[in-house]
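Hints given; two lone chains; assemble the complex.
Residue numbers (numbering that gives the first Met the number 0), protein chains in the order written: chain A, 0 to 531; chain B, 0 to 498.
I should point out that these hints are in silico values taken from the structure, not numbers from a laboratory. One or more of the hints may lead you astray.
[Unchecked claim] Sample of chain B residues at the chain A side, in silico, Cβ under 10 Å:
1) 47
2) 51
3) 106
4) 284
5) 294
6) 412
[Unchecked claim] Here are the computed distance ranges between Cβ atoms for each label pair:
7) A:248 x B:47: 49 to 55 Å
8) B:98 x A:125: 45 to 51 Å
9) A:127 x B:312: 43 to 49 Å
10) A:82 x B:410: 57 to 63 Å
The structure displayed is predicted, hence computed values, not measured ones. By construction, the Cβ of each residue, glycine as well, lies at the ideal position given by its N, Cα and C atoms.
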Amino acid sequence: MIKLFKSKVINFSLIAFGVVAFCKVEMVEAQASHFFRTYKRETPQKLPEDQNAVAEGKKVYEKRCWYCHGITGTGDGPSSRTMFPRPRNFTRNEFKVRSTPFGSVPTDEDLFRIITSGIEGTAMPFWSTISEAERWQVIYYIKTFNEQFKKETSPAVLGVESAVATQESIEKGRELFKQVKCFNCHGEEGRGNGPLTVALQTQWGMSYRARDLTQSWNYKGGSTAGDIYRTISTGFNETPMGSYKETLSDEERWSLAHYVESLSKKMASDVVVKVKLLEEGELPDHPADEVWGLAAPLEIPLAGQIIAHPRLWEPAIDSMMIRGLYNDREIAFLVEWDDRTNLQEDIFRDAVSLQFPVKIPESLKKPYFGMGDSGGVVNLWQWKACWKEGFGSIAETPVNEPGEIVELNAKGFKKISVQSPENQDVMGEGLHDNGRWKVVFKRPLKTEGGKKDIQFEIGKLIPIAFAVWDGSNGDAGSQKSVSSWYYILLEKPMPKTVFVYVLVAVVMGASVELWFLARLRRFPPKSEEEDQ
Amino acid sequence: MQLKLISGFCDRLIVPAVLLCFALFAGIGIALAQERSIEPMFLEIDKKYQIPEGWSILPFELEDPYKRVKNGPILTNVTHKANIEWISRWVANPKEVVPNAKMPDLGLEFEEIKAVIVYLGSIADDGLSKVKWDEYLLKREDDMTDEEYDKMDQIFQMGKGVWGRARCTICHPVKGLGGNVGVGPDLGSIVTKVNRDWLYDWLANTKMHFPDTMMAQFRFSDEEIRGLVEYVMRDTQFMPEEEYEDEDEQGDGGTPKTIEETKFLTNAEYSTIKGDSALISKGKEVVERSRCFVCHDIKGLSELMPVVERNRVKLEGFEKVLYEIRCLTCHTIQKKGGTYAPNLTEAGTKMKMDWENEFLKAPDIIRPLSQQMQKFNLTREDATFATEFMEKYLTNKKLPSGIFDNEKPSQEIVEAGKNLFYDKGCNACHAEGTKGGGVVGPNLGTVGDRLQPAYMFHHLKNPILANPRAIEPNYGLSDQEIKSLVGFLIDHVKGKEGN
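Just chain B, with the same shape it has in the complex (with noise of 0.2 Å):
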C-alpha cells in the first residue's frame, strides 16, 4: 500500500519534475550563449556620448588616415624599393636626406647600419616584377640620338602635365617648396632613392607595397604613368643640388670643404656582404633594439608588439573610394580626418547633389590653386557612390528648412541682396566668377549651383557655428536680411549662366 502511494507520488511528479530539469538546461543554455546582454537603455545613453545630435550613424567605420597602426612603410621589400646607398644615408641622419622626413634619428652607428640592411636585405623577397620600358628610354640623355631624345622628351612633356593637373605638389614639397598639406616626403632628390620599375609600381597601385598609406590612389592610365616616371626620373627639380654647387665653389676659387661627410655603404660593398648570417643576426637585433617595429611592419619582428591591424578584404561602394582615394588625408567626416579641405560630415546637406557629382569627376577651380581639389580621375560610378552616400549619411537634420526650396527669389530681393552684397564688401574677399574680387573666400561665381539654400542661409546666420575654421566675420544679419542675401546668390548666378 504504502508502496503503491510512493510509485503514484513519483508518477505524478516525474513530469513536472522533468519538465524542470529542461527548464533548467534551457536556461542555462541561453545564460551561456548570451554571456553578454547590455540592456537597451545603456546602449542608447552610449550612443548619445558617442555621436552628437543631427549626425547619422554610418554604416561601417570611417578609417583615419592619420591614426594608423603603423606610420612607417612596410620594410619587406625595402631593398627593391630604394637605392642601398640611400638607405645608408637616411638611416644615419634622415633629416639630412630629405628635409621633412619624420623619422627620428635612431643615433646608430655605421657598423649597425650595415648590419640593419643585410638584414632587411635578407627578408626580402627574390625580385619585383619587372616592368618593360623601350630600350631607348633606359639611356642617359647624352647617349640618346635625337629621335630617341624626341621621343623621349614627348612622353617627358606628357609626364609634365599630368604632374602639374595632379597637383602633386599640394602634398609633396620639392626642394622645401610646397608640401601644403604637409602628409608627403619631399621629393628634392628622389631620383637617388627610387628606381623606375619601383617608381612605376607605386604609381599604378600604391597601396600594394604599403596597404596603409596617406596617398591617394590616383586613377591613372598605363601611358600617364609612363609619362609621369620619365619625367620625375630625368627633371632635374628631383636631382639633388650638391654637384652644382661643387662646380659654383670650385668656379670661386675652390674654398675648402669643411663639411664632413657621413660614411655610408655603397652598392659595391653592399653586394660583398649581402647574405652574410652574422650581419643578418646581428641586424635583427639592431632593429629590435631600435624599436623599428613601433612604425614598420617588418616580416618575423611585428609580434613583439602585437596590435589589432585593420581588415580591409573586402571593400565595397564608397568605404572602397574612401580608402583608395584617401579622401581623409585632407577631409573630415565626423572628427576623423585632415583639416586642409572642407569638412564632408555635413556635405549631404551642403552641397548640391548634381553639382557634386560632376565636381568629383572634374573638379572645378572654387579656391587658389594651391588648395584646389586635385585631378583623381573618378569613375561616373565613384561619384555616384560618393554623392549617395552624401545624401544618405553626411547630413545634419538640424538645419533650417523651406528657404528657396521650390520658389525662385523674387526681384526685389534679389535687388534688396545686391545691394547688401556690396554694402558689407562681401567682394572684398570673394570674386565673384571672372568678374573679379577678392581670393581669401571662395568664388562665388557659382555659388547658386553648388550650396543648397538652406546652408547658405545657416552659414551667413553664424559662420563660425557652420564651419569652426571659418574666417568670415559674423555680420549679425536679420533673417530677412540674410534672406535676401542668399536669393541674390542663387539668382546671381542664374543670370550669369543665361548671358
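So here's chain A without its partners, still in its complex pose (with noise of 0.2 Å):
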C-alpha cells in the first residue's frame, strides 16, 4: 500500500517537474523567434488563379498594400517615404527571396511565404493576420503588375535539402568566405563593411548595403543555414548579391553557409545590465582590454527617434551592445555598435550618449524616456567622435584620437544643458575597429555634482535608456537612434554566508521530508484492501 502512495507521489513530482521544465524550453524558444517571425517552408493548398481571384486579390490590394507598395505597384506609396530598405517596385523584377534562379521571378509559394512572414530588417510586416485565401488572391493581383510572370510560366524550383554544420564545413566555408571573396562586400568580420559596400554607400550614395551577417535578425529571409544557403544559390535580384550557383559546388555552398551562420548572433536581449564587481585591480580604460571579458553583454535593439521633429525615418544602427563594471570607487561601461563607416563631418558625427534620471526613482514613475521632460532631468553622458579638418569636409577619425566626451542634463527635447567643466566627471575613449565602435565611459560612483549627477547605489534597479547617431548616415540632433528605458543593477558582491543559507535550506527540507516518511509509516493511512 505504501508502495502505491510513494509512487504516486513520485509520479506527481515527475509530471509537475515535467510541466516547469516544458513551460521553460517554451520561454526559450519564445525569445528565440524574434518579433514571432517563422519561415514556414510548407504552404497550403491554392486557390485557382482566375480573374475572380485577382479581382478580390486587388481589393486586399488596396487596402493594405498601397500605401507602401505605390497604387500602381511601383513602390512609391506615401509611406514609403518613411522606409528604408524601400518598399518592393512590383513593376520590376526586384524579388529578394526567392527558390528560382537568378534574374527570374519567384514562384507563387514564394511570394506566400514571403507574405506570411514579411522581411526582417524591413517594414515588410507578416501578413499571418489575414486569411490565406486572401493572400492567395494578393498575389495573383501583384502579379499582374509584372509582365515577366506572364512569360515564365514555370520556372525551375531550387530544392533545398540540408546538410548539417560540422566543425569542418564551417572551416571550408571561412576559407570560401575568402577565395570568393564576400568580404569585398560583407567585410572581414562580416560586419557589411567591405571596400565595395564603403564605396557605394559614401561616394556614390547608392543604396545596396551588404548585410551585417552577424546580426542574424536582419537577414532577408530567414537566418537558418537552410534560407543562407538559398540566398547564396539564387542571388537577390537587382543587387551585387549575385547567385554563386554556377561558382560553387552544392557541398560549397553548404560549407559556407554554415560558416555564414556562425558569424551571426541572436538579438539576446534582457532589461537588466547586470553591472558586475570588479573586486581587484583597477576598471579598464581602453576598450579593446581584455578584463571587458568578465562582464556579461547585453544586446539592446534600437530603432529610429521619430517623436520630436527633426524625425529620423531611417536610421542605419538598430541595435547595441552594452557591459558593466564596478569596484569600491567607480563604474565603468563599454558600448558597442556595428558602424560600416568611420567619416565624420563637422556635424554630422558618430556619436552614442547614455542616458540617466538624476535620481533614483523609488517608484515605477521615470523621466521621459526621450531626453526628459519637466518633472523628471536626465542625465546625459555624451560621447563623439573626433573631427578636427576645416569646415565642410570630411574626414575619418585618426586612430589614436579618442574623442572627447560631455556630460549633459535635459528636461525635454529643448531644454538640454551642458554642465559647467568642474562638474564634467565622466572620461573614456572610443575606438572603431573593423566596423564596431567600442566606447568605453567612467566615472566615479559618487560626484560632488550634487543634483545634476545620477548618485549609483549598489543593489537598486537604475533606468538606463541609449541614443547613438550614424554621422555617414548624415545623423546629428534628435535624428538618432534610441532605445526605451532599461535597467542597470550593480550586482551586490556575493556573502560567503550564501552558501551556508543554502546548506541550512538543504538539511531543513530533508527533515521535513524524512519527519513525513516517518509519520505515514507510525499512523499508515487505511487502503481499501483492508477495509475489505
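Next up, the structure:
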C-alpha cells in the first residue's frame, strides 16, 4: 500500500517537474523567435488563379498594400519615404527571396511565404493576420504588375536539402568566404563593411548595403543555414548579391552557409544590465582591454527617433551592446555598435549617449525616455568621435583620437544644458575597429555634482536609456537611433554566508521530508483493501 | 403537343440565351483586356503624394545623373582608352593614381590584375576610329623645327583659351585644385592615361563611349577640340610631378628612396600575354567575383545583375538638351539633380525669359567665377527649347502676382527702396554691376532684367522659403517695404542702362 502511495507521489512530482521544464523550454523558444517571425516552408493548397481571384486580390491590395507599394505597384506609396530599404517595386523584377534562378521571378509559394512571414530588417510585416485565401488572391493581383510572370510559367525550383553543420564544414566555409571574395562587400568579420559597400554608400550614394552578417535578425528571408544556402544559391535580384550556383558546388554552398550562420548572433536582449563587481584591480580604460570579457554583455535593440522634429526615418544602426563593471570607487561601461564607416563631418559625427535619471526613482515612475520632461531631469553622458578638419570636409577619425565626452542635463527635447567644466566627471575613449565602434565611459560612483548627476547605489535598479548617431547616415541632433528605458543593476558582492544558507535550507528540507515519511510509517493511511 | 410546346419554349429562349452568352464573352473579354483598372480617385491621391502642390507634371521622366544604373564607365574598349600601365596601377590602388578616385581598392594581387587586363583586352573591339593629325603634331616638342613648334604653339594657345572658357576646372580638379562640383576625375596626370585619339573622340561626343556620363557635351567645333587636345596632351599641369621631385632629391644629395614601387604590367609584357586563353578565363572569373559589374557595364557579364536600363533612343527638344548638356549635374529640377547651381524647379516664375534666353547662349557673370555657368555654346534652338520648357512647366502657381506687372515704380517708391537698400546694408554682400560691393551674394547689377518682380517679392519676404540653401537673413520687412525695395531694384538697372 505504502508502495502504491509512494509511486503516486513520485509520479506527481515527475509530472510537475515536466510541466515546469516544458514551460521553461517554451519561454526560451519564444525569445529565440525574434518578433515572432518564423519561416514556414510548407504552404497550403493554392486557390485557382482566375479573374475572380485577381479582382478579390485587388481589393486586398488596395486595402493593405498600396500605401507602401504604391497604387500602381511602383513601390512609391505615400509611406514609402519613411522606409529604408524602400518597398519593392512590383513592376520591376526586384524580388529578393526566391527559390528560382537569379534574374527570374519568384514562384507563388515564395511570395506566399514572404507575405506570411514578412521580411526582417524592413518595414514589411507578417500578414499571417489575413486569411490564406486573401493571401493567394493578393499574390495573383501583384503578379499582374509585371509581365515577366506571364512569360515564365514554371521556373525551375531550387531544392533545399539540408546538410548538418560540422566544424569541418564551417572551416571550409571560412576559406570559401575568402576565396569567392565575400569580404569585398560583407567585410572581413562580416559586419557589412567591405570596401565595395563603403564605396557605393559614401562615394556614390547608392542604396545597396551588404548585410551585416553578425546580426541574424536582419537576414532577409530567414537566418537558418537553409535560408542562407538558398540566398547564396539564388541571389537577390537587382543587387550585387548574385547567385553562386554556377561558381560553387552544392556542398560548397552549404559549407559557406554554415560559416555565415556561425558568424551570426541572436538578439539576446534582456531588461537589466548586470554590472559586475571587479574586486581587484582598476577598471579598464581602453575599449580593447581583456578585462571586459568578465562582464556579461547585453544586446539592446534601437529604433529611429520619430517623436520630436526633425525625425529619423532611416536609422542606420538598429542595435548596440553594453556591459558594465564597477569597483568600490568607480563604474565603467563599454558600449559597442556596428557602423560600416568611420567618417566624420563637423555636425554629422558618430556619437553615443547614455541617459540616466538624476535621481534613482523609488516608484515605477521615470522621466520621459526621450531626454526627460519637466517633472524629471535626466543626466546624459555623450561621446562624440573626433573631427578636426576645416569647414565642410569629411574625414576619418585618426586611430589614436579617443573622441570627446560631455556630460549634459536635459528636461525635454529642447531643454538641454551642458554641465559646467568642474562638474564634468565622465572619462572615456572610443575606438573604431573593422566596422565596429567600441566606447568606454568611466565615472566615480558618487560625484560632487549633487542633484545634476546620477549617484549610483549598489543593488538598486537604475534606469538607463541609449542613443546612437551615425554621422555618415546624416544623423545629428534629434535624428538618432534611440532605445526606451532599460535598467542597470550593480550586483551585490556575494557574501560567504550564502553557501551556509543553502546548506541550512537543504538540511531543513530533508528533515521535513524524513519527518513526513516517519509519520506515514507510524500512522499508515487505511487502504481500501484493508477496509474490505 | 408536348414536343411542340418545348420547341416553342426553346425558340423563345434561344435568342436571349445567345445574347446572354455574347454578353458574358464580351464581359470576360473586357475583363481580360483590362486586368488592372485603378479607380481614378486612387490615382489622384497618388499624384498628390508624388508631386508637391504648385508644381507641374512634366511631360517626361527626368533623368537624375546622380542616380545612374552603373556609375563606372563601360569597360568594353577600356584597353583602347587607357594605357595598359595606367590600368594596372589604377586597379591596384585607384587613390594613388587619381587622388579623388571613387573606385574602391579591390585588394587584387598582381597576377589577378594581369588576368583582368588580358580579359578586358579580349572583349574590346578590334580598333577605334583614328583621327587624322598633322604629322608634326605627333612629334615631341624637342624634335620639332621652330616653324612646326610655332604652329603647334598657336593651336596650344587656342586650346588653352577653350579650356578657360569652358571652365573645365569647375568639375575637374588638377592636382587637387578646383573641382568644386565634386564630379570629375582629377586630371593631374591624365597624359599617362589617355591617348590623343581617344581624347578627341571623348570631347567630340562624350556619350559615345559612356552614355551615362555626367559630363556635359560641349558644342565644340573640330578646331576647338584639336586645340584642347593639344593643350591637355602638352601642358605640364597634366603630367605627373614625380620626375621633378626625383631630380630635386638627387640634387639634395640623393636621399634614399623608401617608397615601395607597386608592381605594374608594362606595355611590353602585355603584348606577349595578350590573347592568352587561360588568362582570359581567369580574368573573367576575377571580374565576376570582384563584382565589377555592379558599377561597370561589361560585355557578357551584365546579366549577372540585370537591372532596368534607361532607353534614350528618341530624345527630342528639351529632354535631349538636358541629356546632352547634363544640366542636372549642377542644377535641380523637382528634387532631381545636383545642388551646385540654382534650383530650376521654379525658374519659369523666377526668371525673365528674354534674359534667360540670352544667358543660355552666352552666360554672363553673376556669381563668383568658380560658380559661373560654363559656356556650352548652346544654339539658338537649344535656348528656345529650354525657355519654352521653363515657361510651361517649371513654374510655381502659388507665387504672389500683380507686382509691377505693367506699371513702372514711382519715383517715391524707388527713393524709399534706395534708402532701405543702403540702410539694411544689402551692398555688404551684393555688388551692383561695376559699382562694387560684397561678393557673397549674386551681383544685382542686372537683377531687374533677370528676375520677375513677383519672385523678388517672394524671395525678400522669406529668403529661406524661396531658396532653402540661401544664407541671406530674413529682415522681416513689411509688404510695403519689400515692394519699394523691388521697385528700386527694377529701376536701378534701368537707370544704369540709360547712362
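With 57 to 63 Å as the target window, see if residue 82 (chain A) and residue 410 (chain B) comply at their CB atoms. holds (58 Å)
Please check whether residue 127 (chain A) and residue 312 (chain B) have a Cβ separation lying inside 43 to 49 Å. Given a distance of about 46 Å, which is inside 43 to 49 Å, the answer is holds.
With 10 Å as the cut and Cβ atoms as the points, is residue 294 (chain B) at the interface with chain A? holds (8 Å)
Would the stated hint for residue 412 (chain B) survive a check requiring a Cβ distance to chain A of less than 10 Å? violated (40 Å)
Interface hint check: residue 47 (chain B), Cβ to nearest Cβ on chain A, cutoff 10 Å. Holds or violated? holds (9 Å)
Cut-off 10 Å, beta-carbon criterion: hint that residue 51 (chain B) touches chain A: Given a least distance of 13 Å, the restraint on residue 51 (chain B) is violated.
When you take the CB atoms of residue 98 (chain B) and residue 125 (chain A), is the distance between them in 45 to 51 Å? holds (49 Å)
Answer holds if the nearest beta-carbon of chain A is closer than 10 Å to that of residue 284 (chain B); otherwise answer violated. OK, holds: residue 284 (chain B) within 10 Å of chain A, min 8 Å.
Under 10 Å, Cβ to Cβ, is where residue 106 (chain B) needs to be relative to chain A, so tell me if that hint holds or is violated. This interface hint holds because 7 Å falls under the 10 Å limit.
Is the gap between the beta carbons of residue 248 (chain A) and residue 47 (chain B) within 49 to 55 Å? holds (53 Å)
Going down the numbered hints, you'll see the structure goes against 2 and 6, while the others check out.
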